[in-house]
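A.B. asks: Order-wise, the sequence lines are chains A and B. Take the first sequence: its position 118, counting from 1, is numbered 118 in this note's numbering, and each next residue is one higher. Take the second sequence: its position 300, counting from 1, is numbered 300 in this note's numbering, and each next residue is one higher.
Among the hints, erroneous ones may be present.
To be verified - Restricting the straight-line Cα-Cα distance to at most 27 Å, the calculated cross-link-like pairs of lysine-lysine (DSS-like) are:
#, chain 1, residue 1, chain 2, residue 2
1, A, Lys145, A, Lys31
2, A, Lys110, B, Lys204
3, A, Lys31, A, Lys19
4, B, Lys297, A, Lys110
5, A, Lys85, B, Lys244
6, A, Lys9, A, Lys195
7, B, Lys188, A, Lys130
8, A, Lys32, A, Lys241
9, B, Lys188, A, Lys166
10, A, Lys85, B, Lys297
11, A, Lys131, B, Lys297
12, B, Lys204, A, Lys130
Don't read these hints as lab results, they were simulated from the structure.
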Amino acid sequence: MNKTILKTKKLSAYFGKEKVLKDIDLSFPEKKVTAIMGPSGCGKTTLIRCINRMHELIPGATITGNVYLHDENISALNPILVRRKIGMVFQRPNPFPTMSIYDNVIAGYKLNGLRLPKDEMNTIVEDSLKKSAMWDEVKDTLHRKGSFLSGGQQQRLCIARALAMKPEVILLDEPTSALDPKATSKIEELIVELKDTVTILIVTHNTAQAARVSDFTAFMYVGELIEFGNTSKMFTVPDNKMTEEYLTGKFG
Amino acid sequence: MTGNKSTQKQDAFAVKEKIFRGILYSAAIIVLFLVLGFLITLTIHSQLSIKEYGFGFVFGKVWKPTKNELGALPFIVGTFYTSFFALLLSIPFSLSIAIFLGEYFKEGAISTFLKSSVELLAGMPSIIYGFWGIFMLVPIVQKIQIALGIAPYGVGIFTSSIILTIMILPYSASIGREVIQLVPDDLKEAAYSLGATRFEVIRKVIIPYARSGIFAGIILSLGRALGETMAVMMLIGNLNKIPKGIFSPANTMASLIANDFAETTEELYLSAIIEIGLILFLITMIINLIGRMIIKKTSVT
């Protein structure tokens, strides 16, 4: 059995009075890729935004229930520390346009006012860019602004930015939905490589993508967890009728 | 037949298009001519003074119309002194208001109330600022001056700068608010997801992204401060000498023109006043050009 790194217990999320996430119990295995799959509006993005406490930034948004990172309740922790331990990559690539490529990678430290020696920063930037398969493409233009990068490169820069904080978990919120197929497959390759060092949760509405990159899959529908299990098993013999219908394209 | 009709229709459209374009072009050209016209008129009418005093006019420290000794330096210094002091005082306030309205309270009752107050400040006639200055500000400044052991004029650079600060505040505040509101949520979220606090997001993401717009607002307020006439005329003390200090009475270019224009009978005196107008025009233009350059350089996109 795999070691669990992250756990949700009866996790519910609300926007005002509307309940968008209903009593989710999930355990995410360490250093694996878990896909959270489901049609639009099923609460999958909300789920991962509860995990790094981004959900509560929206006015009127609340949660009940708990999220545990290594058996530590994250609502008892400072949200800033939670977000440093659990990185995030968004749907649309969002590197900071006012910063150079180098500064983008090290942004987590700069934003938090953490001062590091120059060579330590250099090492972090190089390592993070190597991990996100960007180093060779940008090593000569590190101090230029990243506006000339393609969408796929920008997204990999955002992945490097998240990795630079040395997080234990990375949340990917439909990271390829704004990218072309070529850039998408590059990011997918990257995800598979990265799971040796970090636990990955990827939100996707693309079943094929879930099948390609994940070890485990959670299928959600209108705020509820329908099924969770081994990806290869779920895609061949799903337990739930709804999962089967979704996977075969009957709805979604 | 039908083909003919449709070409006729197309011709009609083409004519309309031409008329419309003509209107736009002529409006644009008129603006250009107006600016040129101002420059030419001012230059022609200040010829007399330019010939008499030459370039030294700009550095002349004495303004004695009775002795035909005319120099613009006291007013240039007075204008810059009041404007930049006002700008310095207004930036922290306007930036705070801009962040408050652009990031913390984007909507709701407080925001609407504050936004309309700011707009009201911008729309208030300057004579009212002047009045308020005379009846409220001058006595307070006099008390400060007495406490400091300075001659209690009440009027002067300091008082004018305070009034100018309030007058220019709405321009930089509302432009600042607009550009801060335009900062994409994407970027703020990215910063939050890296563990930044709200203050860090404002300081390191929002302000850098919005800086060229914020700067544009500041330049606009500076332009307003340089040219403000009525309120300053009422509070500056109209002393035609280079100011000795922050509390000293002085005069600005705009205020001098308004004050002395009606009194002149002599041609050279009149011409000198117009030359001061020309200098004010050129200074405003140069500051705008420099501002534009900086905006272009700091702009994100």
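A.B. asks: When you check the alpha-carbon spacing of lysine 85 of chain A and lysine 297 of chain B, does it fall within 27 Å?
C.D. replies: It is violated: about 37 Å lies between the C-alpha atoms, which goes past 27 Å.
A.B. asks: So if I understand the rule, the pair passes when the alpha-carbon distance is 27 Å or less; does lysine 85 of chain A with lysine 244 of chain B pass?
C.D. replies: violated, 60 Å
A.B. asks: Taking 27 Å as the top limit, are the C-alpha atoms of lysine 145 of chain A and lysine 31 of chain A close enough?
C.D. replies: Answer violated: lysine 145 of chain A to lysine 31 of chain A is near 33 Å, above 27 Å.
A.B. asks: Taken at face value, is the distance from the CA of lysine 130 of chain A to the CA of lysine 188 of chain B at most 27 Å?
C.D. replies: Distance of about 26 Å is within 27 Å: holds.
A.B. asks: Do the alpha carbons of lysine 131 of chain A and lysine 297 of chain B lie within 27 Å of each other, as the hint requires?
C.D. replies: Roughly 34 Å separates the two Cα atoms, so the pair is violated.
A.B. asks: When you check the alpha-carbon spacing of lysine 110 of chain A and lysine 204 of chain B, does it fall within 27 Å?
C.D. replies: Given pair lysine 110 of chain A, lysine 204 of chain B holds - Cα atoms ~9 Å apart, limit 27 Å.
A.B. asks: Quickly compare the C-alpha distance for lysine 9 of chain A and lysine 195 of chain A to 27 Å and report which way the hint goes.
C.D. replies: holds, 24 Å
A.B. asks: Given the hinted pair lysine 204 of chain B and lysine 130 of chain A, is their Cα-Cα distance within 27 Å?
C.D. replies: holds, 26 Å
A.B. asks: Taking 27 Å as the top limit, are the C-alpha atoms of lysine 188 of chain B and lysine 166 of chain A close enough?
C.D. replies: Given that 27 Å is the threshold and the Cα spacing comes to 21 Å, the pair holds.
A.B. asks: For the pair supplied as a hint, lysine 32 of chain A and lysine 241 of chain A, is the alpha-carbon distance within the 27 Å limit?
C.D. replies: Roughly 26 Å between the alpha carbons, so the hint for lysine 32 of chain A and lysine 241 of chain A holds.
A.B. asks: Is lysine 297 of chain B within 27 Å of lysine 110 of chain A, Cα to Cα?
C.D. replies: Holds: lysine 297 of chain B and lysine 110 of chain A sit about 23 Å apart, inside 27 Å.
A.B. asks: Sort out whether lysine 19 of chain A lies within 27 Å of lysine 31 of chain A, counting only the CA atoms.
C.D. replies: violated, 31 Å
In summary, the numbered hints that this structure violates are 1, 3, 5, 10 and 11.
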